[in-house]
Each structure stands twice: as structure tokens, then as C-alpha cells.
Amino acid sequence: MSASLPLERHREAVAAARTASLGMWIFLGSELLFFGGLLMAYLYARTHWPQGFGQASARTHVVLGTLNTGLLLTSSALVALAVACQGPTGRGRWVPWLLGAGAALGTAFLAIKGWEYRSEWREGLFPGPGFALKAVAGAELFFVLYFLLTGLHSVHLLVGVALLVAFGRGTRKKRAWAAPRRVEAAALYWHFVDVVWIFLYPLLYLVNRHG
Amino acid sequence: MAETHESAGFARRARRLLLAWVALIALMLCSLGSAYLRLEPWNAVVGLAIAALKSAIVLWLFMDLARAGALVRIVAATALATLVLLLGLTQVDYRTRRPAPAPLQPAQQLRTPSGALR
Amino acid sequence: MNYLENGHSLRSWLGSTDHKRIAILYALAISAFFFVGGAAATLIRLELATPAGDLVSHDTYNRLFTAHGVIMVWLFLIPSIPSVLGNFLVPLMIGARDLAFPRLNLLSWYLYIAGGLIILAALFLGGVDTGWTFYTPYSTMFSNSWVAVTLAGVFVTGFSSILTGLNFIVTVHTLRVPGLGWFKLPLFVWALYATSIILVLATPVLAITALLVVAERLWQIGVFDPAHGGDPLLFQHLFWFYSHPAVYIMVLPAMGVVSEIVPCFARQRIFGYRFMAYAILAIASIGFLVWGHHMFVSGQSLAASMVFSLLSFLVAIPSAIKVFNWTATLYKGAIHFDAPMLYALGFVGLFTIGGLTGLILASLSLDVHLTDTYFVVSHFHYIMVGGSVMAYFAGLHFWWPKVTGRMYSDTWARIAAVLIFLGFNFTFFPQYLLGVQGMPRRYHAYPPEFQVLNLFSSAGAVVLALGYLLPLAYLGWSLRAGRAAGANPFAATGLEWTTPSPPPTHNFEHLPQAPDEVYGYDPNASLPEPAE
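Residue numbers (this note's numbering), protein chains in the order written: chain A, 35 to 245; chain B, 278 to 395; chain C, 232 to 763.
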């Protein structure tokens, strides 16, 4: 219980937690602007080639995309629960398992994404000389941005999975470096990756499904 | 005494997370469904609005922005405002340019001049 | 034991998380890059001394001015005051033992070095000929030079910047000594805080832009190519969204330095402290709204150009407030013309000239004629060299005793300051005239009627170069044989002056007390001992 810690150590712990959290939020702010540049390219391209974007988007795998969205939302909830389990709740044992489950769902996301990419390659949807929709103006640009956005997102997701695996191990072995404030910071990063995908989902999969 | 207090607090929090998750999945399905309805030109708006709502849930409840203190909320708001500025102020250019698009043509250049990784 | 004595091995330096040692690591690195960029400038001015393009080929010339820009902007100016003076002083000024994330600070340095080495590698392989601005479609489709490698280096140094900014923001929020409220902070800390916000928000946009150019160059993705449905101007919007705030990254810390020096050597509190703080924040914010003034003739819409022109006028207001307040600080002060003060006053004058010419360029109707001429070149050199570099030297001289524990020869320092001031003006003032007369930038040959002014400029550059070399001599000498500086040789206010020179590794023996007022100078108090 916090009441039993020496006041000084408690103050330092609170300060350290605040520092770690603030640092991660600022980093996420910079990441938002990093993705933001790609979103700007997307905004330009979609407003200039609305038909092409609609037709191209219809060729994405909406079932897999939706499934992936669900996986990531669920993993985010589990990671949030893991953070809630920290501290004087008596449920510290759950933390490694929840983090591991989050990582597992994230890995499943990446596997499905890889499957989508393979399928898109087979269907000739990779931009380049062999692009299947060359006759549709803007379609190739859509897929350029699709691969850039989901690719960059996947790289971030991979980093997130690595973080969750590391902290899952660290909390299970009760390592000092896997302190609650760091788990919380890693969780913030994971949620950010989720938020990015929340926006990518309608922007890439749902441009025009009724056409 | 303290233990049940902590336990009750945890149960409350866990319940809130569960509700948030349910809301997120429901919103995702709404987003999917709305895409199949003919709502032009509102399809994009609806999709983005739902995404914004989902993000707000993740930010507020998962990322605990509600309890994180004013400074963190200002950090998040500032980053978002900067992104909106980037997207919005460039639109002043794009919306007021008179487009004269060239017909789609084969690329003039397929490789960089030397072909090598430069 | 002071921080310099705390370990003498290479490892103790290269593995140190002490913000003071990291500051020195940065100082050495940026100095080296400064001379590489300066060498490029020397060749440029040698070529331009005569109208004919006879020293180097046009292609080599393009690579020279690109190298000069890339190195000076990203490897010198951006890190100079924040990563050297900021790193050393921010914790000291707020009474902290180190930055919030000391290991992240060391990582920032390594990222900077890695990026710098990649850029140098590209230079040795033959360099880039696109200009530091990398405009598409030339950079993505036609340039036969090391664009991708250079941008990879820029990308890496960008992350160094972001992490440094992050570190400073968290530090200022969480590690201030009790009682040190925001309105008791030195303006240098305010300046670095605002700079850090820009670093964190703007640099990522540069990073993604660099990535896109590399992708377009390697795989012809087409976002900047109209034949593929893209837009070359998309690059310029993205690039300048970063690069305009970047100039405030270069100038705000400089203003912070000047705000520390002028009160000290006028022995008066800064005039209008709160307005100075608000002006810093205003410059940082408005600076994000004006990037389109780099694109007036690019094909941007007229409406957008007008909006950007108007917004660019606005940013002059807080800058002017600062100039007025520095001047007002001098009024009825007891002014001492020590070397730091000479540099600081040089900043005020030259920044004013640069700022006024900035207003000229912000005027859409005038810019249409002046863009891509030497008028623009002179404008930004007045701000960045006459402004930022001078302020960096000012800070170097002001805090040298604190960092090294030694005094330098103030006489020689003043000689260098005067040489730099004169050399600078002889180099760059003629360039305003050349610009108005129509001489375009980035050309290695020019019509004979421009020769006289170009010759003046090149001659001035010789004086400027001498001025820059001189500090190597007397500062180097001070390290060997300089008089021991006390804790506070200039009788300055600020917590950094309350600890010994050089400071102990953990900065303070006892937690310092927040001062009653931030610039508690009294012009009537007894004068500090003059330097040697």
C-alpha cells in the first residue's frame, strides 16, 4: 500500500511515473506528425482522384481488414487491463499474461497483414510496371499510399510487439527495469499504434464499398 | 479495508474497459456497415467521425487521458492541432488552385539515372 | 571533483550520460562540421570572385552549395545552441542534476554522429546537386547524385533532434528546483523550451518527407510525379512545413542567449520580461503558419500566397518586440563591452537588418522579383550567420569560464568579434545589392557587371574566415594557460553561476534556492572585476 512507503520514495516514484508518461506522450505527439505527412499525401491524392481511390479501395480485403481492426482493438483493451492490474490491486500476476495476449494478437495482425500483402501481390496490386489497374487514374497512387501507410504502421506494430513481449517477460520475472511506469509507457505506445490503425481502416478499406 | 477499496476500484476500472471494448467493436461494425450504404458525399465524413469517436475512447479510457493531468492533455491537443494545421492550411492552396490535369501518361523515367541505390 | 576530472578515458567520455560531457561531445562534432561547411563556402566565394565559372564545373558548384547548406543547417545550426549550450546549461539553470532522460541524451548524440557520418559519406561519394532544399521532381527523377544516402543521413539526425527536444520539455516541466516558477526562469530556458516544441512537432514531418523522396527515387512511387497522379508541390508543402519552423529552431535559442548576456553587461534587469517570454511562444507558434512564403512562385495558388504573406508579416511583431526590449534594457544601464556583449549587440543589429529584409521578402509583390536572387541569400545569412552564429559565439564566450573553469583573453576575443562583424557585413551586404540588381542564386558564373560587388563579398569572406579561426587560438590557449575563473566571473544572475567553475559532476553540492527575481541586476552596484 502506498501509505506504507516512505514519503520521499513515494514522491520520487510518482515523479518518475509522471516523467516517463510525459516523455512517451511527447514522443507519440511526434509520431502523430510523422504519420501525418503520409496522411497529407493521402488527403491530396484522394481529393484529386476520388473515383480511382474508390475503385482501388474496393480491391482491399475488407473482411481481413475488419478482422485485423477487431484484433487490435481487443489487444488494446487487454493491454489497458494489464496496466490497471499494476499497483495495489492484488492482480499483479495477470500482468505478464495480459501483455503476452496483447502481443499475440498483435502478431496475429501482422500475420494476416502479411497474408493480405501476398494476396495483393498475386492480384497485381503492387504499384509498378505490372500494376493491374493502370487504366484507373489514381488507383496506383492509392496502392502506393496503402502499402506505405500499412507498411509504416506494421513496422511500428512490430516494435510494439517486441516491447510487449519484453515487458511480459520482465514483469513475469519481476525485473526491476520492468517497472510499472515503463509498462505504462509501453502501453501508451501500443494504444497509439491502435489509434493509427483506427484511422487507416476507413481510409484504406472503406473508401467506396457501395459503388 | 484498504484491500477491498483497491479491489472495488479495480473492478470499476475493468468494467469500464470492457464497456469501452464493446463500444469500439460496435463502432467498428457501424463503420463497416455505413460504408455499404449510399451516403455520398457523407460516407467519408461518417467513417472519419466514427474513427474519431473510437480514437477518443482509446485516448480517454485506454490511455487514461482523463486522469493524466492537464499537461498531458495539452501535449496531445497541441500535436493534434499541428496535424490539423498541416492538413488544413495546405488545403488553402489545393482548394484554390485551378487544376489543369494532364492526361495520364506512361512514366518518363523508370529508373534513377544510374540505376544504382543512390 | 569537477565533471572534467571525473574519468579521463575515451570510454568515460563516449559512454557518459553527464549532460555536461555530452554538450562537449556535441561542441567538438559541430565545430568539425562547421569547418567542413565553411570549406565549401570558401570554394563558393573563390569561384564567385570572378564572373566566369572557371574554378569548378557547374556540376561541382551545385554540389558545393548543396553540401554547404546541408551541413550548415542540419549538422551545425540546428544542434549548435540547443545541443551544446542547452545541454550544458538547462539543468544548471533550473537547479537540476541532469536532464530528465540522461541516457536518451547520449543516444541523441550517437544518432547525430551516425547521421552526420552518413551525410559525409554521401559527400565523399560525390555529393548531391539538388540544393539543400531537394526540390522535386529534380531530386526524385533527374538528379544523378547521392540523394537517397544524404536524405538517409538527414532522417537519422532528425531523430536526434526530436529526442533532444523531448528531453528538454520533460526536464523543464519536472526537474525545476522548488520555488522556481515559470516566470522566474531565465529567458534562455524559455527559448529552449519553445525550440524543443518546434523540434518535436516539425522534425517528424521532415523525416517522412525524406522517406517519401527516397521511396520515389528508388521505386518511382509517384506521389510527387504528375504523370503518376502526384504533385511536386506536395513535396514543397511538406518540406517547408518543417523547414520554416526550423529557422526558428535556429534563431530562438540565439535570442535566448542574447537575453542572458544583455542584462548582465548592461547591469539591468531585462526590459519587459513577460513580453519577452510571450514573444518567444508567439514566434514558435506563428512560425508554423508561414511556410508558404517559400513557395510564392512555385505554382501555389494566389489565394494561398496572400494568406501566407499576411501571416508572415505577423511573425515580425514578436520579433520586433524582442529587439525593442533588448534595446530598452540597455537604456540607462552600465554597459560593458566585453566580448560576449559585442557578439550579443552584433546579433541585435544584424538580426534586425535580416528581419527587415524578411519583411520585404514576405511581401508577395516584392518577393516575386527577389526570389531566387542573392537578396534571399543575404537575408537568411544575416539571420543565420549574423544572428545565430554570432549568438552561438556570444554564448560560447559568456559561458566558457563556467564550462572550462578558465578565462580567455578578452582583448583577443573582442578583436575576433570585430573582425567577424566587419567580415560578415562586407561579405553579405553587397549580396543584398546584387539581389536587387537581379543576380540569381545557385549559379557559378554571372554577368560581368556583378563582379565588383562579388569581389567585395569574397574579400569580406576572407576577413570573416580569419575572424572564425581566431577563437581557435585564444580559446585553445585559455585551456592551457588561462586564468582560473571563479564561480561567477561576470557577476551574472542565474543558478548556473552559483556552482563552481567547472561544475561538479552532479552540478550542485547543495540544492540551490530559487532566486527572488530572475534578473536581479543593479546598475549602481559595484562593477565586476574586468577580465584580463
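Honestly, the hints are just simulated from the structure, not real lab data.
One or more hints might be untrue.
Now the in silico label distances, taken between C-beta atoms and shown as ranges [stated by the list, open to error]:
(1) B:I351 <-> C:V599: 37 to 45 angstroms
(2) B:C307 <-> A:R43: 27 to 35 angstroms
(3) A:A210 <-> C:S243: 49 to 57 angstroms
(4) A:L41 <-> C:M232: 26 to 34 angstroms
(5) C:F555 <-> B:I351: 26 to 34 angstroms
Ideal placement from N, C-alpha and C gives every residue a C-beta, glycine not left out.
Hint check results:
A hinted range of 37 to 45 angstroms holds for the C-beta pair I351 (chain B) and V599 (chain C), which are about 40 angstroms apart. Taking 27 to 35 angstroms as the suggested C-beta distance range, the pair C307 (chain B) and R43 (chain A) does not conform, at roughly 48 angstroms. Range check, A210 (chain A) to S243 (chain C): Cβ separation about 25 angstroms, and the 49 to 57 angstroms hint is violated. Between L41 (chain A) and M232 (chain C) the beta carbon distance is about 32 angstroms. The supplied range of 26 to 34 angstroms therefore holds.
For F555 (chain C) and I351 (chain B), the hinted distance range of 26 to 34 angstroms is satisfied, since their beta carbons lie about 30 angstroms from each other.
In this structure, the hints that do not hold are numbers 2, 3, in rising order.
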